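J.: Given chain A, put chain B in place with the hints provided.
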Amino acid sequence: MNELWNQIELSWTWLTASSQWHGPDGIPHRLLQHVWYSGVSLLCAAVIGLALGLLAGHTGRGGFLAITLANVARAIPTFGLVLFVVVIDYSITPVLVALVALAVPPILVNTFEGVRGVDPDAKDAARGVGMTGWGVLWHAELPMALPLILLGLRTSAIQVVATATIAAYPGFGGLGRYIIDGLARGDYQLVVGGTVLVVALALIVQLIFAGLRRLVVSPGLLGSARPS
Amino acid sequence: MITFEGVTKRYPGGAVALDDVSLDCPTGEITVFVGTSGGGKTTALRAVNRMVEPTSGRVLIDGRDVREQRPAELRRGIGYVIQHAGLFPHRTIEDNIATVPYLLRWNKKKARARALELMERVGLDHSMAKRYPFQLSGGQQQRVGVARALAADPPIMLMDEPFSAVDPVVRAELQDEFLRLQDELHKTIVFVTHDIDEAIKLGDTIAVFRTGGKVAQVDTPENLLAHPADDFVAGFIGQNRGIRTLSFAGTGELRLSDDAVRPVTADAADLTGLDWILVVDEDRRPLGWTRPAQIGGSLSEAPLAPVGPTFRVGSDSVRVALDAAVLSPSGLAVGVDDAGAVVGTAAGSDLLAVPTHGNGAGGTGHGAGSDG
Chain A
1 MNELWNQIEL
11 SWTWLTASSQ
21 WHGPDGIPHR
31 LLQHVWYSGV
41 SLLCAAVIGL
51 ALGLLAGHTG
61 RGGFLAITLA
71 NVARAIPTFG
81 LVLFVVVIDY
91 SITPVLVALV
101 ALAVPPILVN
111 TFEGVRGVDP
121 DAKDAARGVG
131 MTGWGVLWHA
141 ELPMALPLIL
151 LGLRTSAIQV
161 VATATIAAYP
171 GFGGLGRYII
181 DGLARGDYQL
191 VVGGTVLVVA
201 LALIVQLIFA
211 GLRRLVVSPG
221 LLGSARPS
Chain B
1 MITFEGVTKR
11 YPGGAVALDD
21 VSLDCPTGEI
31 TVFVGTSGGG
41 KTTALRAVNR
51 MVEPTSGRVL
61 IDGRDVREQR
71 PAELRRGIGY
81 VIQHAGLFPH
91 RTIEDNIATV
101 PYLLRWNKKK
111 ARARALELME
121 RVGLDHSMAK
131 RYPFQLSGGQ
141 QQRVGVARAL
151 AADPPIMLMD
161 EPFSAVDPVV
171 RAELQDEFLR
181 LQDELHKTIV
191 FVTHDIDEAI
201 KLGDTIAVFR
211 TGGKVAQVDT
221 PENLLAHPAD
231 DFVAGFIGQN
241 RGIRTLSFAG
251 TGELRLSDDA
261 VRPVTADAAD
271 LTGLDWILVV
281 DEDRRPLGWT
291 RPAQIGGSLS
301 EAPLAPVGPT
311 FRVGSDSVRV
321 ALDAAVLSPS
331 GLAVGVDDAG
341 AVVGTAAGSD
351 LLAVPTHGNG
361 AGGTGHGAGS
371 DG
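Protein chains in written order, with UniProt numbering: chain A, 1 to 228; chain B, 1 to 372.
The set of hints was computed from the structure by calculation and includes no laboratory data. Keep in mind the model is a prediction, meaning the values are calculated, not measured. Some hints could be false.
To be verified - Pairs of lysine to any residue, SDA-like flavour, derived with a Cα cap of 25 Å:
#, chain 1, residue 1, chain 2, residue 2
1, B, 214, B, 228
2, B, 130, A, 50
3, B, 108, B, 129
4, A, 123, B, 194
5, B, 109, A, 132
6, A, 123, B, 71
7, B, 110, A, 135
8, B, 130, A, 146
9, B, 108, B, 83
Next comes chain A alone, as it looks inside the complex (with noise of 0.2 Å):
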């Protein structure tokens, strides 16, 4: 118990040394590079799960496609991926990649099945009063699923921030540089304080779509949840 006292006291030394605060090794500097490779790595994988999820849900074709895909790509070990391609390509390249194939499967078949999982009379309706395809998808298919997509999309988005932290293993810094390097060394003080940045930035995100789930998923879905 004195040891965990400890150790929590001298993490807390660590975060706060105004050392910690300024240079390429300093928190903000590491945090913002964790940052950008999450994001993009995000930003990837919504495009293509959100496409690949709603273009099957809405078609009702290539569900089976997109569930097996999201799958194999979910079996793959990320820090396997990592290190077979940073040895063909040295790049923070290879590490988005993997990062995305991590994020994808989430998104898509959240996303797959919650446009499949739409009323099929609303769906229906929505034709019938003559909306078109793309309008059906825009105007129906898409709002009735959100809740689910954005689920996705907050699984995919943790997953990738607490695993971001590869990228120091190549050598490209982010937060995964003091865990690792903390590990190398011993340092038992610089893996709980680099742990520390990276839950904060998860539980900040967990907020961010909590927010954002307030914001765009309509009243209407949110209230059928409860009783009424």
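T.: Then chain B, alone, in the frame of chain A:
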């Protein structure tokens, strides 16, 4: 007018949903497609707005093939109501109703004003405008569905079992309001139901679909009941066909007797020879039934049995009158005028002597069908 010309729909795999269907749905009237499930009635309805494309044959609206227009464009000009309303859960009630106006690029203010106007039309309070579908009852949702279909004032309405998912009381209410609305709007309506009573109540014309997508008979409700084309139709109409036929016989021609009617001020002395007396007040409103044997002095002191249901002479059908006769303690049906004053009474046997067809009750077709 909507015209089906030899419309056939065959699905890949060989299932035939519609088999050479030809019929007309006259402008400004309600045509009901009725039949067993799998009879193709919904497929026929969906062929009108191209939700289903026929394998062969044509559907024409006022002589123009529906395939001349792009589906989305065509559908914006045709109201569409379905069984579970199919409202958009993420949109408020007013935005649900304004769906087609938005698609037609009306400005938002005009579209919302139209939505409010329609809420009034279908009997929804304005306070519901900003609510979401999940906050409404099934009946209210169905009203929103009808309002949404009416929003851009289309001349044609397609209604696919719109009232079958609500309870019987609400259904009867919705049906009555639907007929009232149609009296004002005169839309050309295709209405699908599996309920023959609903078909008879609502339809100006009824098309009976049978398994295999064939039309067994197209006729007025009166003729359908009186002269079913074959055993299938007779079987589908069901048990009480004869009694139902009386729904279309008017009471205007009935000869009602005044013999048993006495004002409350009358003396009880000269009532011998009568089984039952209908006591009325000075405005001839019925007060109750009594038997001469029970009376001591004046009628005002006589014990009275309740009048029971009455029928309105002229506007109610013989079916309603017969119902009143059966429920009356005396076995006599009491006919009243619009003010509620007694015109006279009739026995059940007198009612059945009335000719039952070619004699629409009240002249307007619809009202006569209601079961009182």
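J.: Does each hint hold? Answer for all of them.
T.: Consistency of the hints with the structure:
1. 214(B) to 228(B): holds (15 Å)
2. 130(B) to 50(A): Roughly 30 Å separates the two Cα atoms, so the pair is violated.
3. 108(B) to 129(B): holds (14 Å)
4. 123(A) to 194(B): At roughly 23 Å apart (the allowed maximum being 25 Å), residue 194(B) and residue 123(A) satisfy the hint.
5. 109(B) to 132(A): holds (24 Å)
6. 123(A) to 71(B): With a Cα-Cα distance of about 15 Å, the restraint between residue 123(A) and residue 71(B) holds, given a limit of 25 Å.
7. 110(B) to 135(A): Holds. Residue 110(B) to residue 135(A) sits at ~21 Å (cutoff 25 Å).
8. 130(B) to 146(A): holds (21 Å)
9. 108(B) to 83(B): violated (28 Å)
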